[in-house]
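A.B. asks: What follows is the residue order along each chain.
Number of protein chains: 2
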Amino acid sequence: MSVLVVGSIALDDVATPSTQRKNLLGGSASYASVAASFFGDVRLVGIVGTDFPENHRSLFEKHNIDLTGLEVAEGKTFRWSGEYEANMNNRRTITVDLNVFEHFSPKLPQPCRDTPYVLLGNIAPELQIEVLDQMEEPCFVVADTMDLWIEIAQPKLLELLPRLNLLILNDSEAVQLSGEPNLLAAARWLRSRGPEFVAIKKGEHGCYLSSRDREFITPAYPLESVVDPTGAGDTFAGTLAGYLDTIGGGEISFDVLKTAVIESTVMASFTCEDFSLNGLTNLSKEDIQKRKDHLRALTSY
Amino acid sequence: MSVLVVGSIALDDVATPSTQRKNLLGGSASYASVAASFFGDVRLVGIVGTDFPENHRSLFEKHNIDLTGLEVAEGKTFRWSGEYEANMNNRRTITVDLNVFEHFSPKLPQPCRDTPYVLLGNIAPELQIEVLDQMEEPCFVVADTMDLWIEIAQPKLLELLPRLNLLILNDSEAVQLSGEPNLLAAARWLRSRGPEFVAIKKGEHGCYLSSRDREFITPAYPLESVVDPTGAGDTFAGTLAGYLDTIGGGEISFDVLKTAVIESTVMASFTCEDFSLNGLTNLSKEDIQKRKDHLRALTSY
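Residue numbers (numbering that gives the first Met the number 0), protein chains in the order written: chain A, 0 to 300; chain B, 0 to 300.
Pulled out of the complex, with its shape left as it was, chain A reads as follows:
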């Protein structure tokens, strides 16, 4: 079985209070696909320009990510630059150059269309819908989103919701989209619009997972040093979708999703500890297990 990951692939310039880095591999699909590759077989759907560096492509290949759905278009790759404040929580976008991404219209190669698990990474809800329209009844569809789409494409986002099994979004986005200041109420509102499950990410404070009759809360993995949190949310979503590929086609129950949320929490913590995908690329199964064991020890009583 396998996981289809669609989203943006970008070249990022990131400034933190202590460091500036340029031309980093970024984008929701980059983080999500590499994170998912630790758990399942990943098919990546996205677009890059002819300037996309070969070493970034090799990174995907090293992680056995199927690039049949990766379109290379004449022009430049999507570029993003942003800056973090001293607390590393508040981020300011400085520039966005959509480039080839501006006219991206995902075309799924035939073998991608029957992928059982789908992660609609953070891109315009219109594109997320286009992808689903080309799929042949996937088993489980996960989507991530962001404040931008709530502001400029809310009708399309609401149109997407009934087609999702799990919606992932930030706490502030959950409040913004639902109009409910309370997270429990926001999750209920969101579920009433379609998805059976909602995962609300609270950044350094963890994640709240909600279904009709069950809830789960985990703190984030506590980090002493946050180098660059860019992509932590995408890593979370990618891990969650990738984890579904490990259960061998069984039912995606609330308990399965709880475990997936823990794996996602741990993987996102690695992303925060280095720039770009550097916190993920050299991870071993032992590194991940060690952090999972620590998180369990930290939270159990």
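I should point out that these hints are in silico values taken from the structure, not numbers from a laboratory. Keep in mind that this is a model prediction, so the values were computed, not measured. Accuracy of the hints is not assured; some may be wrong.
Here chain A is said to cover these stretches of chain B; the calculated rule only asks that three of the stretch's residues, wherever they fall, bring their Cβ under 8 Å from a Cβ of chain A [said to hold, decoys possible]: (1) 173-183; (2) 198-205; (3) 212-220; (4) 257-264.
Sample of chain B residues with no beta-carbon within 10 Å of chain A, all distances over it, derived [said to hold, decoys possible]: (5) L58; (6) P137; (7) N169; (8) K289.
With a straight-line Cα cutoff of 20 Å, these simulated SDA-like cross-link-like pairs (lysine to any residue) come out [unchecked claim]: (9) A/K201 with B/N89; (10) B/K291 with A/E214; (11) A/K257 with B/A296; (12) A/K291 with B/A296; (13) A/K201 with B/V225; (14) A/K201 with B/G202; (15) B/K257 with A/R295; (16) A/K291 with B/E214; (17) A/K291 with B/R295; (18) B/K291 with A/A296; (19) B/K257 with A/P221; (20) A/K289 with B/R213; (21) A/K201 with A/T258; (22) A/K257 with B/P221; (23) A/K291 with B/D212; (24) B/K201 with A/N86; (25) B/K201 with A/G202; (26) A/K201 with B/S171; (27) B/K61 with B/T280; (28) B/K155 with B/E195; (29) B/K201 with A/N89; (30) A/K201 with B/Y300; (31) A/K257 with A/K289; (32) A/K201 with B/E223.
Where a beta carbon is used, it is the ideal one built from N, C-alpha and C, also for glycine.
Let chain A serve as the given structure and place chain B on it in line with the hints.
C.D. replies: Below, chain B without anything else, positioned relative to chain A:
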């Protein structure tokens, strides 16, 4: 055995976005002593004016709180008024009238002096030190504090730290006092100044408990409706100290404190659901147990 609770006793005017209430029983020692009374024998040390309403005094008595250390001074009781923003997290103090509290100098009656467990509720660190100076080698000393004392009485607060077993404070206060923006580093800094244990309260995001070689994190008990969070931190501290009285004089280990933090988290949630101490006063053991069971179900995997 028993717990000594010292702190402020106040009459509060509280405004929330939906409601205004006047002349409520408030103050750190009021919340803390009533919360602690669910777990241990409580001795209250504080001061009120001759205007202190009889029904408030009766409330303490109903909870079997020993009022030998409650001084009644000529004049008015300490008054505080404050206002919450729509998100119920940000609070603005409108007025503070210290009244009889201005010249409060705690005098511990002889029977109070050998109380084994001590909670120095949120009052000036100078007064917290005065109380400790009158104690005969307590087994375990807990202190709460607030941003005001970090701003205006930091030397006294630092002088207090080596005399504490456990310091409780908010995340922003931990950062402010230690100068460390990271909570793990802040907790380590605070422990290096004296207390073996530090509990950092993160409001709606829960609590982080730290010792030299162990850590524990719990989310807050998730509430759908927050009516008035005034006193939640005092309830937390009071419960924590009160819980120590239940272990029958045994060693206060990290595992004991983990359980105490869970009890405190649950009790604080009840305080948030009503004005003044109304969320606490009619609680049954079953109400508390039910919420503890729910919190465990919400967080275990």
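A.B. asks: Now, for every hint given, state plainly whether the structure supports it.
C.D. replies: Taking the hints in turn, this is what the structure says about them:
1. 173-183: holds (count 4)
2. 198-205: holds (count 3)
3. 212-220: holds (count 5)
4. 257-264: Since three or more residues must qualify, the claim that chain A covers the segment 257-264 of chain B holds, with 3 doing so at under 8 Å.
5. L58: Non-interface label on B/L58 holds, nearest chain A Cβ at 30 Å vs cutoff 10 Å.
6. P137: With a cut-off of 10 Å, B/P137 remains clear of chain A, as the shortest Cβ separation is near 26 Å.
7. N169: Since the minimum Cβ distance to chain A is about 14 Å, B/N169 lies beyond 10 Å and the statement holds.
8. K289: Non-interface label stands for B/K289: nearest chain A Cβ at 15 Å, farther than 10 Å.
9. A/K201 with B/N89: Distance ~18 Å between A/K201 and B/N89 Cα, so the pair holds.
10. B/K291 with A/E214: At roughly 15 Å apart (the allowed maximum being 20 Å), A/E214 and B/K291 satisfy the hint.
11. A/K257 with B/A296: Holds. A/K257 to B/A296 sits at ~12 Å (cutoff 20 Å).
12. A/K291 with B/A296: holds (19 Å)
13. A/K201 with B/V225: This hinted pair holds, its Cα atoms lying about 19 Å apart.
14. A/K201 with B/G202: It holds: about 13 Å lies between the C-alpha atoms, which stays within 20 Å.
15. B/K257 with A/R295: It holds: about 14 Å lies between the C-alpha atoms, which stays within 20 Å.
16. A/K291 with B/E214: Given that 20 Å is the threshold and the Cα spacing comes to 15 Å, the pair holds.
17. A/K291 with B/R295: Cα-Cα ~18 Å, so holds.
18. B/K291 with A/A296: holds (19 Å)
19. B/K257 with A/P221: Given that 20 Å is the threshold and the Cα spacing comes to 17 Å, the pair holds.
20. A/K289 with B/R213: With a Cα-Cα distance of about 16 Å, the restraint between A/K289 and B/R213 holds, given a limit of 20 Å.
21. A/K201 with A/T258: With Cα atoms ~17 Å apart, A/K201 and A/T258 stay inside 20 Å; holds.
22. A/K257 with B/P221: holds (17 Å)
23. A/K291 with B/D212: Answer holds: A/K291 to B/D212 is near 18 Å, not above 20 Å.
24. B/K201 with A/N86: Judged against 20 Å, a Cα distance of about 16 Å means the pair holds.
25. B/K201 with A/G202: holds (13 Å)
26. A/K201 with B/S171: holds (17 Å)
27. B/K61 with B/T280: holds (9 Å)
28. B/K155 with B/E195: holds (19 Å)
29. B/K201 with A/N89: Since the Cα atoms of B/K201 and A/N89 sit roughly 18 Å apart, the hinted pair holds (cutoff 20 Å).
30. A/K201 with B/Y300: Status holds; Cα separation ~19 Å.
31. A/K257 with A/K289: holds (18 Å)
32. A/K201 with B/E223: Holds, at roughly 17 Å.
Hint violations for this structure: none, all hints satisfied.
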